[in-house]
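The two chains are supplied separately, each in an independent frame; assemble them into the complex guided by the hints.
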Amino acid sequence: MKKITLLNNRFSTAQKWLYLAILLAACVLPFVRNKFILDIIFNVVLFAILAQAWNLLTGYSGPVSLGHVVYFGVGAYSSSILYVSFGVNPWIGIFIGAFITTVFAGVMGVFLFRLKTHFFALSTVALLFIMHILAGYYTEFTGGHMGLLLPINAGAKDMVFISKMPYIYIGLLILFILCTYMYSLNTSKFGYSLIAVRENEEASKAMGLQPIFVWVKANMISAFFMSLGGSLYAQYMCYIDPESVFGMNMSVKIALYAIIGGVGTVIGPLIGSVIMIPVEILFRTSFGRSITGLNMAVYGVFLIIFVLYAKDGLMSICMKYYQKLKKRAFSETEAMAVKAAPVLAGLPFALPQNDHNVVLEIQNITKNFGGLTAVQDFSFSLKTGEVIGLIGPNGAGKTTTFNMITGFIPQSSGLIVANGHEYKRAHPWVLCKAGVARTFQLVKPFAKLSLLQNVIIGAFAKTRDYEEARNTALAVIDFVGMKNKLDYPTSKLTVCDLKKLELAKALATKPTVILLDEVMSGLTPMESKDMCVLIKKISQQNIALVIVEHVMQVISNTCERVLVLNFGELIAEGTYKEIIENEQVIKAYLGGSRHYA
Amino acid sequence: MESNVIFIQLIINGLLIGGIYALLSFGLALIFGVVEVVNFAHGEVLMVGMYLSYVASTLLGVNIFVAMFIGMILFFIFGITVERIIIKPILDAPFFSQIFATVGLAYVLKNVALMIFKADYLKVKIGYLESSFQIGNFCFDKARVVAFLLSVGALLVLVFFLKNTYIGRAISAVAQSKRGAEIRGIDIHKTYAIAFGIGFMCTGLAGFSLSTIYSVYPSVGDAFGLIAFIIVILGGYNNLYGIFIGALIIGQLESLSGFILSVHLKEVVYFLVFLIILVIKPSGLMGGTRKMRKRFVPKNKTVLENEA
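Quick mapping for you: the protein sequence lines, in order, are chains G and E.
Residue numbers are given in the numbering used here: position 135 of the first sequence equals residue 135, and the series is strictly consecutive.
Residue numbers are given in the numbering used here: position 285 of the second sequence equals residue 285, and the series is strictly consecutive.
If we strip away everything but chain E, and leave its shape as in the complex, we get (with noise of 0.2 Å):
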């Protein structure tokens, strides 16, 4: 009875975590969907808003929602300078170029982090998240609640957007196809540039939602990003229910595996599991270039019909 609680109670912090993932792989596959890019800095652009509502919240003391809302913003710039800074030029580049100028940024981002706060864990402390609630005999941490429930409504809003409106619709039709966009008077780059400010915002949510949780320092972004790498592969890149189950599979991998084996080796766990579905599936899950560019919306929406 009692393994029982505590199994149930493991796939609830499962869960509850995988939730979060999902927000901050989506926001790894929108960019990678549209503009064809990986972004390696991923993890270090997540580091940078748990910083950010480290920032806000306990040195500023700035409610952690305000701040939120002006972060979203502030990432959404962010987003579309590093776009037009560092990736434009190398749209067309060999991969070895893609891979070495996101790596470049996220050194960047690590060192300055790194410069200005130390290697210290900083914890964001926020009162009324602090404690938990129980139903039943399963307890249920707030922090981890709220940002759950943050990073599902996130992903909706997201998910409205892209469907229903003329931004979203053209984002989801350059992933489809560049030059089919294109010809039907879609500007591409700035779509690119959207897209990155977009994948920014969920990211850097993604980034306050954690930081309720986890503590944060410099690094903090190295096994966040690969995380993130192993929920698209493992979804799909261009499948935003797929991103969803592969985050929470993630989580309750993350969660289980931390308790059956150790701590210390849950990280061991899913880059194993991340490894061997690579490699087993290296065609099925990843498939070249050419099916990972596929949508992001149903089949049976036919993306550009309101355009014309």
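Isolated chain G, as found in the complex (with noise of 0.2 Å):
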């Protein structure tokens, strides 16, 4: 099976094996007595926490942080000026230290994270020439260019050394409990938000997630650790200066380890360290000094190679000849939760049969786009259990109605009441959560997941547990026929399946109306009745639909009531039938009188 999911359980044997070799390192180091070699083990410890914690935001959650090493620098300068400056102890320090940075990490990430792609990446880049240009500038307290020197009063008291031993214990935990905490992300709500917002942005607004919150959480957590490994790193040098904790160079060294070990996994970062700096401090030892600038330059090669050849890294390599080894197409744990699943006639939550309970209110919703309007005035409602189709012709406003009413473009007036509960341009995550879900025309599954893992971030939306989720998603999953694909990868599903994923996933945020947009579109007749029956297996459920399409018949097949719009403006409403003999309606469609038709 091709590149299977990142979050899965079965990498708990890896688990197991990356605790025994901390251990196992723990156990050895008392016998290693040359300082050399300590020094090489020191080294690939900081820099698994530093790649390791680059990885948890950008592996994990998207945005390339190029200059991550921002982080470092703040921790390390923190903990140390609050040392030289202000005599606190390091072992308060750090902390306090990594509580500032994790406040500056918030704060910044504010702001960053409202940039895509290229420019968030240039912005972090900016942040760190800053921060490098001011820790040489204000030098009071830094020291400036020259550095800032740590007293050296050996001792545990301050945190200060002879042997090199205690610093490698002390990053040893620190790189436990990050490895922990990683491998935690695999069960919880805040690891499947992660990969969500990386796979596809637009989709997880749709699953009730705050895209930016999640990065700006994940920058803190990062930059906790950053910061822990900067004062670590300071303690160890007993010096420290801007270009040592600022540089770019480090920057790109910590993403080099994690690209090459492999992005996006918990032990790709540890993997690239332990690999790699051994090689560049016995390259620098030998070569180094004769020829500054060569093990970067390689670096730079390495970095171009392993992007264009295996951007997935050595770990992915190595998984995927382990599992032509294993030839094991289906994973233990799914399979065996496909037997544990128990059989559904219907949802587990269906609402109580209430035909009076208006579960979604639309009122006078419209919206400008400049001196545009392409919606006015709209208003209607929907009952429990309700199925209303949503017909006119190209460019009738649609889309913008359907995107209003499920957050995704702000409404210039107007009130959506959902639930009883008012919101008047509220965001795609804050409806998702009232329990209004949608579908998109063009489908938007989170690629490298599978598909349960799919539907149980949508499930994800209204429970922190991960075993609810998981039974969520599975109820749903059964309920929309798919439970024989519950580990395939996304890339392996039809058209078909993919609408019905789209389905899925908004069945599994819990909704009391979900609306479909176009979710016949490139189906086959065949799908499309089934399709059908899916969709009147949900009204079932008593969950309220709204149908965006273009198939008349699909329409008269499921809808009790159809709305009809022309310029953004309401010109027909009632049965199929009624609406398919008005006057109104047969000349927006063909655009002149009767006969014409």
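One or more of the hints may lead you astray.
[Said to hold, decoys possible] Dumping the calculated DSS-like pairs for lysine-lysine here, alpha-carbon to alpha-carbon at most 30 Å:
no., chain 1, residue 1, chain 2, residue 2
1, E, K88, G, K320
2, E, K178, G, K311
3, G, K448, E, K178
4, E, K88, G, K444
5, G, K116, E, K266
6, E, K88, G, K448
7, G, K462, G, K116
8, G, K16, G, K217
9, G, K383, G, K424
10, G, K16, G, K116
11, G, K424, G, K462
12, E, K190, G, K311
13, G, K189, G, K16
14, G, K383, G, K536
15, G, K492, E, K88
16, G, K320, G, K462
17, G, K116, E, K178
18, G, K217, G, K324
19, E, K190, G, K116
20, E, K178, G, K444
21, G, K424, G, K444
22, G, K311, G, K189
23, G, K116, E, K123
24, G, K324, G, K492
25, E, K88, G, K311
26, G, K324, G, K485
27, G, K444, G, K536
Simulated from the structure, these hints should not be mistaken for laboratory data.
Written out as structure tokens, the structure is:
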């Protein structure tokens, strides 16, 4: 099976091996006497922490932070300045420093994550430059370009040791905590959120996630560990200067280690550091003095080669061979899940039948794009389990209406009342939590995840508990009839399956109303019929549906009521029979009086 | 009176440097507009230009204008080579790969320069450009004036080229719509390569110009590369005039903040300006990829009309 999923329980064997390796390193360490080797080990541990922290943001959640080392520097400087200028004990100082850095990362994140892709990367470089220059300029505390020398009072009390050993143990402890945290992401809401915003920002909004919030949180957690690494580094060297802690080189190195090992996996950055750092240090000590720059030039070549030919790093190459060896087309845990899943006729969260309950009420929504009014004073209401169709010729404002109701376009005026709560210009994630779900016409699956994991992301909209989300997801997948494809990566699904997946994701958010955007487009007549059956099944669960559709047959088959839009205004409303007889509707579609038809 | 003179002098200096920045940024904008890849090695390409200038004029004693001419041809070939080897495989890759492939290139260039020339600050010395002349109370640095005139001249030639030749129009067409250009029989991959060649040529020329003013060292491209990005974001990816205005603004900012605040903080000032602009108007000035790929030619020109 091709490139499976990053968030999978079956990595737990890898987790055991990792812990064993850390434990082994900790046990063997006292027998290593050679200072040079100890220095290499310290560097491996330090860079493993940094690469892992970088991986948390860039590998898991997407934004490429090129100047991520800025948080390392802020941590190093804040704990050192606290120690040198204010006499704060480093044991306390590193946590104060980490706190400062985390807050700094949060504030910066709120601003910088408004940028996307290359621009975010650039902005982080600019931030790094600014901090580099400022650290050199404000000499009063930082010591400027001369650097900051920490007083060398050897002793555990001041976290300054003569031996390198204690530093390595502290580093291993931080690494252990970080890796444990990274593994816990496999089964946590936050972990799934990270992958969701990385794979598809728009779709993640419809799943009740607020991408900026997810990124800022990831940035803060990442910065926290970067800062701990920075403080440890400062204590280890007893000296820091702007170039060593705010250097662009270091930023690129961290990224390189993670990329070589494999971005987006827990093991990857560790493997990258374990392989690359000893090589680099040996390389530097044997050639480096005579040819400065050679190592970074070689790194540049590595970076290009890996990005061009092995983007997923050594980890994924190994996994590929491992899988070929094992020939497991179906991972064990998921296979067990299929057996365990209860067979359900309906959804476990079917709503109580109550005909008078209005689940969605749209009051006079209007949208102006500059001078153009796309939708004007459009109102309707929807009862529990009702299915209505929204039709109109091209450019009638269907999609705009649709996007306004789901929060993807803020309405110019008007009100949306969902389940008794009023929403005005609400964001998609707010409306999702209010019970308004949607599907996308051009399907937006979370590409690198399996079908089950896709649906779990939806299920996390209403719960924080992994087991509960998983059970909901399993039930929903069963409900839409894709139980046999649980473990399929989305790349293996057919168009029809992807459309059903859209529905399943929407259903998993436990909505009271789902808006379907041309769910039939691209389907064969047979598949279309299937989908109609499914739509009826959903409405039997007392979930209301709004269907935007061009295929009239579907509308006639499923909808109890049809609304017709033209030029942004409601021109007709009624049953399907009434609509097709309506003069105005015929005129809108055919652009003339009746005899054209 | 005295402070007035200094102030105007600073504005003149800012204007002159702004002209060179415009050329520098145009190289970046052209590549970004046409190929839609952000070249993170832009500053390093500039650095190569500066070193080339140093090698030719100081070590080999070639006339700098002759060296510049040969250098431009070399840069064109350099650009095409980079496009073929590094950029072509990642055209459809996620931005993650695009960023790190070009960052990798930047590190190769920077550190090869470090290996060859060490970290020393080198200065291009050309006797007749060292002095300055006066008009009224104001002093004009000859090197800066020549560099400014060269840059503006090169920009004018480029605009003429983009508007009036087949290749130029093809480039503009691809910048507007890849598919549209393809349907009209334009080989877009060839266009990408040429855009890279021309982009590198502009950047190399800017390197030659800057080398007569600033010292050369391996990491000189870091700051200049960011400046180019700032200008392109200020002025818009698609708008040559916007880029020119952006370059002049940054030139002024650099010149004035260096004087008013501190020479050491001038970079902080425009990096802050950059961050603030990005953050305040992430959509307006940046606008997502759709808006970026618009055009390098004025609206009323129909690019493809003469092709059929």
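Hint numbers the structure violates, sorted upward? Failing hints, ascending: 10, 16, 18, 23.
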